[in-house]
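Start from the sequences, fold in the hints, and give me the full structure.
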Amino acid sequence: MVRHSGRSTATEELQPIAPSKLSIEEVSKSFKTASGPVLALDRVSLSVAESEFVCLVGASGCGKSTLLNIIAGLEKPDSGAVLADGKPVTEPGRERLVMFQEPALFPWLDVVGNVLFGLNLKHNLTRKDRRDVARYYLELVGLSRFERANIHELSGGMKQRVSLARALAPNPRVLLMDEPFAALDALTREQFYGDIQEIWKSRRKTIVFVTHNVREAACLGDRVLVFSPHPGRIQAEFRIDLPRPRDINSVDLAAHATRIKEGLMMHRKTEPVPK
Amino acid sequence: MRRFLLAVSFFLGLLLLWQWLFQMRFWSPVLLPSPLQVWLYLKGAAADGTLFHAAVITMRRLITGYLLGVIIGLPLGLATARFQVLRDTMGTLALGLQTLPSVCWVPLALLWFGQTEAAMLFVVVMGTVWSVVIATDTGVRNVPPIFRRAALTMGSKRLHIWFKVILPAALPFVVSGMKQGWAFAWRSLMAAEIFVTVLTGFGLGQLLHFGRELNAMEQVIAIMLVIVVIGLLADKIFFSPVERFLHRRWGTSQA
Chain A
1 MVRHSGRSTA TEELQPIAPS KLSIEEVSKS FKTASGPVLA LDRVSLSVAE
51 SEFVCLVGAS GCGKSTLLNI IAGLEKPDSG AVLADGKPVT EPGRERLVMF
101 QEPALFPWLD VVGNVLFGLN LKHNLTRKDR RDVARYYLEL VGLSRFERAN
151 IHELSGGMKQ RVSLARALAP NPRVLLMDEP FAALDALTRE QFYGDIQEIW
201 KSRRKTIVFV THNVREAACL GDRVLVFSPH PGRIQAEFRI DLPRPRDINS
251 VDLAAHATRI KEGLMMHRKT EPVPK
Chain B
276 MRRFLLAVSF FLGLLLLWQW LFQMRFWSPV LLPSPLQVWL YLKGAAADGT
326 LFHAAVITMR RLITGYLLGV IIGLPLGLAT ARFQVLRDTM GTLALGLQTL
376 PSVCWVPLAL LWFGQTEAAM LFVVVMGTVW SVVIATDTGV RNVPPIFRRA
426 ALTMGSKRLH IWFKVILPAA LPFVVSGMKQ GWAFAWRSLM AAEIFVTVLT
476 GFGLGQLLHF GRELNAMEQV IAIMLVIVVI GLLADKIFFS PVERFLHRRW
526 GTSQA
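Residue numbers (the numbering used here), protein chains in the order written: chain A, 1 to 275; chain B, 276 to 530.
What the hints contain is simulated information worked out from the structure, not anything from laboratory work. Be aware that one or more of the hints could be misleading.
[Stated by the list, open to error] Not the full set, but computed from the structure, chain A residues with beta-carbon under 10 Å of chain B:
#, residue
1, G73
2, L176
3, L264
These numbers come from a predicted model, not from an experiment. Note that CB positions come from ideal geometry on N, CA and C, so glycine has one too.
Dropping the structure here:
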């Protein structure tokens with residue numbers, strides 16, 4: 001759906017937007033460290049279909065977050081390219097919004113102010129429409145009552161909900177999630193699994209989700225890609241064809257998780273990870 | 276209410292102590308006037324307009340110089356935070372000059388500008404600007420990089436990031452720098468007014484100085500009180516509400 005120039009209303013703004021197709025082509029990236037250069041990504045190629053939910057799993061330091069940052073446009077690859085709907089990604093932008101492990105909310109703004117931040121950069125909306133859109137997403141994540149709250153007054157889970165609302169509000173085509181639930185307690189996290197599947201179903205986004213939690217990956221992804229470190233490569237790929245919504249505690253899911261874990265471990269056996 | 280009563284009784288106690296010291300004649304009444312004498316001077320000076328006139332002149336110098344200092348200091352601090360070259364040069368200069376008590380600028384200001392308003396202004400600006408530069412620089416450097424990254428992905432760019440992310444994120448530092456700058460400016464202006472008689476207007480410092488020359492201690496003490504009250508008011512009216520807001524938003528204090 002192409003946004004027409006000129007004014008648009010809150011109702012139009014809230015229409016689902018066509019999700020992007022991503023294609024990552026031969027992306028390499030190395031970092032200089034005190035002990036010499038480290039190849040974080042070694043000619044990684046990957047394509048993500050429209051409105052596909054792809055999970056990247058791997059041990060810490062395997063380059064999965066680096067890949068996410070490159071897709072976001074926050075970092076540049078040394079070689080290779082990322083294409084979103086056929087166009088090369090050269091800079092960050094609201095078509096591909098990132099949700100970080102930390103909520104990264106702005107403490108000088110209240111809850112609704114944070115959700116409005118990205119919307120305020122959409123000049124085709126009136127003030128009132130922006131507010132309506134922000135309120136819609138706050139309701140979606142169940143925080144309507146906390147519109148006027150200060151950030152420091154929220155719990156960790158609530159902060160991450162605001163962060164999700166903030167990422168959804170500008171209606172991106174792609175949602176990039178970098179271990180967004182890693183710092184939350186188990187109960188809060190399980191609630192998120194249900195919510196995120198529901199939101200993904202109703203808003204139709206392409207999602208790339210980075211995690212080191214194998215069960216989480218099996219619960220959320222259409223496809224799970226296992227990364228191996230040093231150099232960072234895609235080691236194995238698993239298609240999860242369980243019906244949705246999926247329950248993190250189901251037996252079928254556990255079977256998938258076990259397979260993925262074996263994929264991860266296989267690599268460990270052949271090449272011990274130097275610490 | 277209890278806090279208010281406590282404060283009132285504290286100051287009443289101070290007043291009684293003063294009266295007692297006066298009555299015991301530890302010092303000659305010429306050196307230590309009674310609270311009543313000071314009060315009478317204040318009443319007289321307020322009635323004939325001297326006090327008001329002097330306060331207006333002083334505040335005009337202070338506010339003009341202070342605003343000028345902030346207007347120069349803020350962008351300079353942003354620039355030193357942004358460009359390493361400027362940090363190594365201007366930043367170091369600012370750090371050095373901040374440690375220099377701004378009274379030290381008075382002789383130089385006199386030689387450069389003569390006994391003029393410009394000399395007064397110069398001293399106030401020098402008192403303000405370096406604190407603001409250093410606080411802004413520190414504030415910007417302490418902004419968590421994740422804020423910038425989050426803003427970038429939401430489509431925020433250069434100027435928008437500076438005004439909507441980096442500056443607000445640095446605000447607690449900037450405000451404390453502005454408060455320090457205000458204190459330095461106030462001190463240096465008083466010093467300048469006591470040292471230098473500028474014919475274009477007699478400020479509070481000059482009234483204090485005349486009081487000393489005339490051996491009128493009640494005038495000296497009265498002006499000192501006025502200076503203290505102005506300092507307190509500036510803090511309560513301007514800085515306290517801003518700080519309270521910051522504390523509430525950031526959650527940095529229990530109040």
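Here is how each hint holds up against the structure:
1. G73: 8 Å, holds
2. L176: With a closest approach of 8 Å, the L176 of chain A hint holds.
3. L264: 28 Å, violated
Hint compliance for this structure: hint 3 alone is broken.
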